[in-house]
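Following the hints, complete the assembly by docking chain B onto the known chain A.
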Amino acid sequence: MTDVKKFDRDVEIAWCPGCGDFSILNALKTALSELDLEPHQVTVVSGIGQAAKMPQYIRTNGFNGLHGRALPPALAIKTVNKDMNVIVNSGDGDSYGEGGNHLLHNIRRNVNIAHFVHDNQIYGLTKGQASPTTDENHKTAIQPEGVIVQKFNPIAFAIANGAGFVARSFSGDIKHLTETMKAAIQYNGYAIVDILQPCVSFNKINTFKWYKDRVYALDHTYDPSNKSEALIKADEWGDDIPIGIIYKRQEQPSFTDLIPQLNDAPLIDRKRHPIDAEKFMNDFK
Amino acid sequence: MNYNILIGGAAGQGINTLSSLLEKILHRKGYYLFSNMDYMSRVRGGHNFVQIRFGDEPITSHHSALDLVIALDQETLDLHQSRLKDTGVIFIDRSLNESKTSDNKQLKTYDFKSVAKELENNRVEGSVTVGAVLKHFGLDLDYVKESCDSIFKKVSIAQLNYTAIEKGMDLAESLLTLNPMPNNQDKILINGNQALALGALAGGLDYYVAYPMSPSTGIMTYLSSKQSEAGIVVEQAEDEIAAINMAIGGAYAGARSMTGTSGGGFSLMVESLGLSGIMEIPLVVVDVQRPGPATGLPTRTEQSDLSFVLTASHGEISRMILSVKSAEDAFYATVRALNIADKYQIPVIILSDQFLADTSQTIDAFNFDNITINRHISKKEDITEGTYKRYEMTENGISPRIIPGKIEGQVILSDSDEHDEYGNITESADVRIKQMNKRMQRLEMLKSVVEEPEHFGSEQPNLLLMGWGSMYGPLQEAVKMLQDDGYKVASLVFGDLYPLPTKLLEKYHDKANTLVNVEQNFTGQLGKLIRQETGIHCQKSILKYDGRQLSGEEIYNRVIKEVL
Chain A
1 MTDVKKFDRD VEIAWCPGCG DFSILNALKT ALSELDLEPH QVTVVSGIGQ AAKMPQYIRT
61 NGFNGLHGRA LPPALAIKTV NKDMNVIVNS GDGDSYGEGG NHLLHNIRRN VNIAHFVHDN
121 QIYGLTKGQA SPTTDENHKT AIQPEGVIVQ KFNPIAFAIA NGAGFVARSF SGDIKHLTET
181 MKAAIQYNGY AIVDILQPCV SFNKINTFKW YKDRVYALDH TYDPSNKSEA LIKADEWGDD
241 IPIGIIYKRQ EQPSFTDLIP QLNDAPLIDR KRHPIDAEKF MNDFK
Chain B
1 MNYNILIGGA AGQGINTLSS LLEKILHRKG YYLFSNMDYM SRVRGGHNFV QIRFGDEPIT
61 SHHSALDLVI ALDQETLDLH QSRLKDTGVI FIDRSLNESK TSDNKQLKTY DFKSVAKELE
121 NNRVEGSVTV GAVLKHFGLD LDYVKESCDS IFKKVSIAQL NYTAIEKGMD LAESLLTLNP
181 MPNNQDKILI NGNQALALGA LAGGLDYYVA YPMSPSTGIM TYLSSKQSEA GIVVEQAEDE
241 IAAINMAIGG AYAGARSMTG TSGGGFSLMV ESLGLSGIME IPLVVVDVQR PGPATGLPTR
301 TEQSDLSFVL TASHGEISRM ILSVKSAEDA FYATVRALNI ADKYQIPVII LSDQFLADTS
361 QTIDAFNFDN ITINRHISKK EDITEGTYKR YEMTENGISP RIIPGKIEGQ VILSDSDEHD
421 EYGNITESAD VRIKQMNKRM QRLEMLKSVV EEPEHFGSEQ PNLLLMGWGS MYGPLQEAVK
481 MLQDDGYKVA SLVFGDLYPL PTKLLEKYHD KANTLVNVEQ NFTGQLGKLI RQETGIHCQK
541 SILKYDGRQL SGEEIYNRVI KEVL
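Listed in order, the protein sequences are those of chains A and B.
Heads up: the first sequence at position 199 corresponds to 199 in this note's numbering, and the numbers run straight through without jumps.
Heads up: the second sequence at position 164 corresponds to 164 in this note's numbering, and the numbers run straight through without jumps.
The hints are simulated quantities; they were obtained by calculation from the structure and are not laboratory data.
You can trust all of the hints, since none of them are fake.
Here are the simulated lysine to aspartate or glutamate pairs, EDC-like style, with alpha carbons at most 20 Å apart: (1) B/K540 / B/E562; (2) A/K279 / B/E328; (3) A/K271 / B/E229; (4) A/K285 / B/D149; (5) B/K389 / A/E38; (6) A/K285 / B/E146; (7) A/K6 / B/E385; (8) A/K285 / B/D142; (9) B/K226 / A/D283; (10) B/K380 / A/D269; (11) A/K279 / B/D364; (12) A/K279 / B/D149; (13) B/K187 / A/D283; (14) B/K226 / A/D269; (15) A/K285 / B/E328; (16) A/K285 / B/D186; (17) A/K271 / B/D369; (18) A/K285 / B/D364; (19) A/K127 / B/D417; (20) B/K187 / A/E278; (21) B/K389 / A/D8; (22) A/K285 / B/D56; (23) A/K285 / B/D369; (24) A/K279 / B/E229; (25) B/K389 / A/D10; (26) A/K279 / B/D369; (27) B/K226 / A/E278; (28) B/K226 / A/D264; (29) B/K406 / A/E38; (30) A/K285 / B/E229; (31) A/K285 / B/E57; (32) B/K379 / A/D269.
As the structure is a computational prediction, the values presented were derived from the model and not from experiment.
So here's chain A without its partners, still in its complex pose:
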């Protein structure tokens, strides 16, 4: 086990006191430490938002890019360096709103990365507008009469589109969250974890207590390999909200496994010589 302190960064954390992000940060550090990973073996990638500040607060390699654009650099990092452990940490706006197209196509790619979505059902950094996962009828400054569009269901979306590992966890249950993160990181393929968390400043409906009263952990009697059952579970939302691995397909070759040029050394370790390309000129003679 790696000393968990190795993942500490000596900086001031700019999250609100009581924010669910703190627990997610601690769970991630513990997961990496228990998986025996060293800081330089991990890259945490994010978009923009409060959750997306994660690379600032954990001492691993970090790439804090543009809003909605966490997935493209993440899958690129894994493609060119298959030895790297790549983890995306970003919010519901970043992952499901601005970055929706990348989510869809990254599921198709099945790149071996873990995607942790901090889902507080609200836009925090821009001070409280609806996010794709905000409940219907929820009133905000921009939606004064309440949200009139259907909420996005990331779990059902991911399962239906062929993601191999789809889970939900809760920032209020650190042990559950840590175990779910570990399983996602270890899964060979794209793994998404939707993490429910309160936004203490802007979401007065889905509070810590609101989630605490509703979430229940799936136990050993639940079979995550059954896709039809998983889709039914994915629709469960209201008085009871299931957390745990909702769908897990048997591992298949991931994106980088399917590119023959990547079979040997990582792409970045290839030595290149200009003269190697000279033979290609014959086509033009």
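Chain B only, in chain A's frame:
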């Protein structure tokens, strides 16, 4: 000696096969070629044509007067007949010419289709035509077999096409005799997109990510076809935003990365161009221009993205912009762009255009001996004080760059927010100033790297024509024609555009009375850039924005009419 052939017809009629076979044979026989494509944005039908100009000396531009037209449909006949020289002829299949224009002596009616039918494969009609063309120019069967083998991968198909060419030769008569040419093993026939892609391979490219967009797609197509042999990864992204972010992610992780698109795709990439700037991640972006705005003329040519790429991205970043002047230049310039991006940790934008992308030209084989791949990656020993700082303040403004995961215990934090030396977010005014100065300092350093424009023509010109990128070949030809008429004229053609090289500009500006910018756009973007950077005004502009490239002859005519 040079001749100009036009092959025209509807998309799907096999123009490309016909022209590439003919080009290959002429090339192997040692002639210099210059071949450009004019095609519509549709899969079948419409009017498309290829112009093949060939001769015994290097050719740098297309030309409008035609020696031979191969009309695969009536429209080609109607549209291009008037461009025929007095000595020119038109080849047409009998089925298209049921006596209605038979009194035209320039019209040669042949049985291309029925010969193909006899060979039991209608698709070899083009090769029958190639045979007739060879006979027309008095050429023999030398190099025809090898050319068929290289164009048609399947042996039986190559053989069938060879037979079709032989049969086609029997149809026509020899009206011309060409000088035989010496062996040209040291020459290649290549288009702008292919040359750029080959330059990327020579320059050590690891990772190319793009979304298909005409006319840049040829770069990705070529790189994909070589990816397993070259050991690189080429990926088709879900959109241009993903493409550039993937290229940036790949570069962050240590791969030499590049993306390519046209103006519309570049528009989508702009926010991320700034990301590469503030993160100091090396990146090469190719913009193969086509007429805009929005979808514009998707398969036509223009040089109208210069003003846009000069300031693309909100906020300010160091960047370098270069344009490629010819297929030959595209190769070497791409290698250079990759090295400069790595050395200065900046985005480098390469401007090409549809004309250059789709124009094949006979050029000297590329010289791989002097090419170097300079990655400028730091090692463990370069890390001072034990902890790596991605954005360390250094004298020259360039921080050591290491690769994530490669040095035990060291991590790399890159952030799109303003950040301190470690990559940590900051709002400190002092740190902001220091980091801005550090990033922008590179513009000054780049001034010593930029290459001066290419000068062609008189050393003491009265008239100075200025262009950039693909205007290179046509301007060369125009200057020659004007010089032949006794005018004291020169041209300066810019490859590097930003930072703008100014030495030759100032030198010839002092000598010339009249400066003219010659560009494929409406607003005279090079003229504006020159004025902005140096205060030098161009008195006249020769501009074209109908989607078709200016030829040397056209520039010559417009100079005579509009300038002199």
